[in-house]
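All chains, please: the whole structure from these sequences, using the hints.
2 protein chains.
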Amino acid sequence: MNFLEERIIKDGIVKPGNVLKVDSFLNHQMDIQLMEEIGREFKRRFADKNITKVMTIEASGIGIACFVAKEFGVPMVFAKKSKSVNISGDVYVAEVESFTHKNTNQVIVSKMFLNNDDHLLIIDDFLANGCALKGLIAIANAAGASVEGLGIVIEKGFQDGGRMIREMGYDLESLAIVDAMDAENGTITFRAQEDK
Amino acid sequence: MNFLEERIIKDGIVKPGNVLKVDSFLNHQMDIQLMEEIGREFKRRFADKNITKVMTIEASGIGIACFVAKEFGVPMVFAKKSKSVNISGDVYVAEVESFTHKNTNQVIVSKMFLNNDDHLLIIDDFLANGCALKGLIAIANAAGASVEGLGIVIEKGFQDGGRMIREMGYDLESLAIVDAMDAENGTITFRAQEDK
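For the protein sequence lines, the chains are A and B, in the order given. FYI, the numbering for the first sequence is 1 to 196, going by my numbering. FYI, the numbering for the second sequence is 1 to 196, going by my numbering.
To be clear, the hints were calculated from the coordinates, so they are not data collected in a lab. In this text, all values refer to a predicted model and were calculated from it rather than measured experimentally. Where a beta carbon is used, it is the ideal one built from N, C-alpha and C, also for glycine. Incorrect hints may have been included.
Here are a few chain A residues that face chain B, going by a calculated C-beta distance under 8 angstroms [said to hold, decoys possible]:
1. D23
2. Q29
3. M35
4. A59
5. I62
6. G63
7. C66
8. A69
9. V77
10. K80
11. S110
12. M112
The calculated lysine-lysine pairs, modelled on DSSO-like cross-linking and capped at a C-alpha distance of 27 angstroms, are [stated by the list, open to error]:
13. B:K102 / A:K111
14. B:K81 / A:K21
15. A:K102 / B:K81
16. A:K111 / B:K10
17. A:K21 / A:K134
18. B:K80 / A:K81
Beta-carbon label-pair distances, calculated as ranges [stated by the list, open to error]:
19. B:H101 / A:P16: 32 to 38 angstroms
20. A:R163 / B:A180: 52 to 58 angstroms
21. A:G186 / B:S82: 23 to 29 angstroms
Spelled out as structure tokens, the structure:
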């Protein structure tokens, strides 16, 4: 097990309905030393890429993306959720469905902060159905920026997002892939990943 | 001028209606080296406080609060905006009015992550009317936690929030206090602060 899988086993809580609560260290309260370790690990995994910018989506991706961007020495930009029906022409827009909240958000990135010279590393805390990542990829494509890689902290391997993103040809790295969870006895089964 | 005032003069954009756009380095795209410098500066200003946790509110406070928490070597917790009408009993709740979005959000913090042993440093990117800070203070009070200080990156000194929070007796430090802005010629007037 890597450091993240160990932490999930230690402090993650499995709830009915395939819910994995990691809000004591990842997405509500944040363990900053863990964030720094995650940043270093993504830097190691994408060390051969010439990254110019890290991109994520608000809110819980922001902290992680900050520490990844710190390792690469580049700026971070986060897509903002927008309720406005009138989106001005100076932003890239994507629709992102939320299964948690059962709604669709428009997410936007200002055209000032992405262009066709950018080589992006896209970061997020969770990957399940892949809607958020596909929205961020659509924004990158609209800007003409290249997506050099995608880094996810926890992938729900029993949902479709990871498979779809990999089949699209993207270099997707997930620090932990949860293949199964059992709320009755609290067990979590991780997918074996070759030693990266 | 301190490093932040200099950066605001260099890259901030004054828009009509007393709007200061700092989204190229602070709250949409983030300059990570600047975030680190902000973290060190708040550590310096609150060096005599025994901080156990940094608290902020999603979304744009998260990145800054992460780097402040890193300096203090403590966890960070962010209040989440919640649309749920049914808030469960395991969270602290506050109402936060947003003048930007002309609505009221409930913000919540899990009771697991705040208690009466906590000594909090509350961090946010902007202070205008003070609604967000007052919501965070209400949550701290509900938890019985002590608010050791509040650190703001940019305070709009011509709005009421800063004065109100200081009159309540809190130790509020703003790295830059904007007393006036002129959209016609782009000038920004900072309040003189004693050398901290």
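For each hint, the structure was consulted:
no.: 1; hint: D23; result: holds (7 angstroms)
no.: 2; hint: Q29; result: holds (4 angstroms)
no.: 3; hint: M35; result: holds (7 angstroms)
no.: 4; hint: A59; result: holds (4 angstroms)
no.: 5; hint: I62; result: holds (4 angstroms)
no.: 6; hint: G63; result: holds (5 angstroms)
no.: 7; hint: C66; result: holds (5 angstroms)
no.: 8; hint: A69; result: holds (5 angstroms)
no.: 9; hint: V77; result: holds (4 angstroms)
no.: 10; hint: K80; result: holds (7 angstroms)
no.: 11; hint: S110; result: holds (6 angstroms)
no.: 12; hint: M112; result: holds (7 angstroms)
no.: 13; hint: B:K102 / A:K111; result: holds (25 angstroms)
no.: 14; hint: B:K81 / A:K21; result: holds (18 angstroms)
no.: 15; hint: A:K102 / B:K81; result: holds (16 angstroms)
no.: 16; hint: A:K111 / B:K10; result: holds (20 angstroms)
no.: 17; hint: A:K21 / A:K134; result: holds (23 angstroms)
no.: 18; hint: B:K80 / A:K81; result: holds (14 angstroms)
no.: 19; hint: B:H101 / A:P16: 32 to 38 angstroms; result: holds (34 angstroms)
no.: 20; hint: A:R163 / B:A180: 52 to 58 angstroms; result: holds (55 angstroms)
no.: 21; hint: A:G186 / B:S82: 23 to 29 angstroms; result: holds (26 angstroms)
Violated hints: none; the structure is consistent with every hint.
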